[in-house]
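Student: Residues per chain are reported as follows:
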Amino acid sequence: MWQTILVITIIVVVLLYIGKKICRQFCLATDPSQEITCDCSCSGCNEAGCSNKNPNNKKDI
Amino acid sequence: MNNSSITMALAGNPNAGKTTLFNRLTGARQHVGNYPGITVDHKEGYFSHNEQDITITDLPGTYSLTAYSVEEIVTRDFLTANKPKVVINIVDASNLERNLYLTTQFLEMGVPLVIALNMIDVAKDRGIEVRARKLEELLGVPVVPIIARTGEGTDELIRQAIIVGHSEEKWQPIDISYGEDLDKIIIHLDSIIAESDFLTNSYPARFTAIKYLEHDDQMLPLGQKEDSGIARQLEQIVTTVSDHLLKTMDVYPEAIIADHRYGFIKAILRQGVVTHKFDTDRLYTSDKIDKVLTNRLLGPVVMLAILFTLYQFTFSWSELPVALMGSFFGWLGSVVDTLLPEGPLKSMLISGVIDGVGGVLGFVPLIMFMFFGIAVLEDSGYLARVAFMMDRIFRIFGLHGSSVMPFIVSGGIAGGCAVPGVMATRTLRSPKERMATLLTVPFMNCGAKVPVLILLIGAFFSDHKALYMFLFTLLAWLVALVVAKLLRSTVLKGEATPFVMELPPYRFPTLQGLLIHTWERTWQYIKKAGTVILAISILLWALMTYPGLPQEELDSFAEKRIAVTESFSETIQLEIRESDNHNGDLSESALALQERLTTIDQEQSGARLRNSTAGRIGIFLEPVSSLAGFDWRTNIALLGGFAAKEVIISTLGTAYSMGEVDVDASDSLGQRLVRDPNWNSVVAISVLIFIMFYAPCFVTVICIAKEAGSWKWAFFSMAFNTFFAFLASVAVFQIGSFV
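So the protein lines, in turn, are chains P and V.
Residues 1 to 61 (the numbering used here) make up the first sequence, in order.
Residues 1 to 739 (the numbering used here) make up the second sequence, in order.
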């Protein structure tokens, strides 16, 4: 029984993950600027709190 | 010092080293290659220098600011819309005259400029000495010698850029003389533009006047939109001037403008900015190498030899690590089998995750060796020569020389990706040539198709792996070119446009650069396998598992088991039960009973897989797909491949792990396929051809829609490619089976 519950949970998480991926691709298709903005939002990155920055892309010289 | 973030832009000619400098400054890993046209869109990065935050944008390489190509439009639009505080213009010190052509246009636009005199080491090797101070004095902007590859001079460059960025001066355009006749007209146009405030928010009046004289494709409609009356007046003046120049001098104003810009540059360079230590006609090492490598006859032979050697190297060096990876995943499966009790989680982990994703990850060593070989070709500058040599062939098939690079980026040599390949078509100016390229680049063997090719070639043609890989690569090119010709002769009919390509000098690749490039691409492959492919594998496992068998069928298999077991004596049954616990040696009769029970288990697994959602879809398609030799399991894998091509391997791995085929846990997927009676070498070729040419993956389809500006072409690509691939597979299977 516990295996069934765990498998259902994993499948739900996977479905959400793939759904988000598909959503993101359609966002990118409609507005290419999404590529360098927030994670997945067709409305872009103008909302308050959105840093619009990729922290991995920063370095001190 | 003011600590608010400064915006900077990196601009320059293609292959001048913008992306190299961008990566060095920001620590980003944008793809850098020793061939022009890598950056087709702008990319933003962040870094700080002496506590000064800096936002920097890497612009696409461009030779001018006249709107002939997408790169030129992207660069100019960025400068006018974003007005960066400073533009760092990277110029190739070994090719100064041509690089300064763009600089003159920045100066005419009046953008705050700092010149990065890159590749001074290369210039020195060629006997060219550039006096940066003198150039700075003559142009009136800071000039800093740098070597972007090593980082030499970048600190001083950024220091100068910060100073310019903090100066509050307005954009100060310079005036270049275009000869007495044109100067008068420019002054006249300038006064009309300035008086009516026509586009002055975006451009200096004189710059707009010059762009009108150059018949700039973007400026004219922009002017119409701003004020159609003024725009008409300017166009009339320009038409009169153009007609006059054509009649009297047989020349267009844009040619005169270009001549004068070069004249301006020559005048500067002659004032002691550049001195040549060697004879300028001397052949550089690169030219000497090119005499052989791009020779009309010898060049293509060398190119094919290099390609074959690459595959030979990849297969021979990766054999052992690939076998070790296979053993590792086999061991992992047996560990999970021992540790977990029977149930859906165990099935998901073994059949969905280990046999599915493990199949994809098993090829990591091979992919790594292949990427290393490609990195050597790319970093040395040889790939640009491939593009140069392919131009002649491409013209025959109605494509453009600039189409070659998108083909290579998409996996022309194997291991690329169609998504950046589709984006790289932006460098093509003719919309029809661009569309033909866009629709045919997905035929290349991208990094996702490569493991599938390797799996099937390794399983069915193990004696000549490199040769078959080589032949399938040539086939991909041939089909792409034939389809392009078909498109260019029908729906995309149109004139061919001329092609000029700059050949970068050969450079000796650094080990660090090769390792970074290899690792970047390999990591992308691993990351994709561990995320998207894993997720899709789990979903496909669910589709291959549910709904389970109805209770009556389960009961029927249980009855069969009881009947078979009871046909043997109590002692044998006890021996089997004890062997489950202790793995002891079995007598002959016990082995016979175990074999019959295993057969019933496999029959039950097969029945369950056929009854599952994916199984039903696969079986539904079988009457049609069998024409090409595909059984229902292959159909499931090919459907999964629409999401991502690597999924074909993971799905086959899962299907053969769950089905009724005689499975030994330690067998690789390739061995399982070879033993399956539905598979043989003809089927393998038919499947390979279908995989190479059918609909591009989901992400590429979206990218095609985005780049073509219409879903119509994306759907065309899916439908046409699948139809074409199926016809080709049917032909191969039917002829192959007959022969």
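Calculated from the structure, these hints are not laboratory results.
These numbers come from a predicted model, not from an experiment.
Beta carbons are placed, not taken as given, at the ideal position from N, Cα and C, and that holds for glycine.
It is possible that some hints are incorrect.
[Unchecked claim] A short, non-exhaustive set of chain V residues, derived as facing chain P with CB atoms under 10 Å:
{"#": "1", "residue": "Asn201"}
{"#": "2", "residue": "Phe329"}
{"#": "3", "residue": "Leu332"}
{"#": "4", "residue": "Gly333"}
{"#": "5", "residue": "Ser334"}
{"#": "6", "residue": "Val336"}
{"#": "7", "residue": "Asp337"}
{"#": "8", "residue": "Leu340"}
{"#": "9", "residue": "Gly343"}
{"#": "10", "residue": "Lys346"}
{"#": "11", "residue": "Gly530"}
{"#": "12", "residue": "Val532"}
{"#": "13", "residue": "Ile538"}
{"#": "14", "residue": "Leu639"}
{"#": "15", "residue": "Phe642"}
Student: Now look at each hint and say whether the structure bears it out.
Tutor: Status of the hints after comparison with the structure:
1. Asn201: violated (22 Å)
2. Phe329: violated (20 Å)
3. Leu332: With a minimum Cβ separation of about 18 Å from chain P (threshold 10 Å), the hint on V/Leu332 is violated.
4. Gly333: violated (17 Å)
5. Ser334: violated (19 Å)
6. Val336: Constraint on V/Val336 not satisfied, violated at 12 Å.
7. Asp337: violated (14 Å)
8. Leu340: With a minimum Cβ separation of about 8 Å from chain P (threshold 10 Å), the hint on V/Leu340 holds.
9. Gly343: V/Gly343 check passes; min Cβ-Cβ to chain P is 4 Å, inside 10 Å.
10. Lys346: Since the shortest Cβ distance to chain P is 7 Å, the answer is holds.
11. Gly530: violated (12 Å)
12. Val532: holds (7 Å)
13. Ile538: holds (5 Å)
14. Leu639: At 15 Å from the nearest chain P Cβ, V/Leu639 fails the 10 Å test, so the hint is violated.
15. Phe642: violated (12 Å)
Checked against the numbered hints given earlier, this structure breaks hints 1, 2, 3, 4, 5, 6, 7, 11, 14 and 15; the rest are met.
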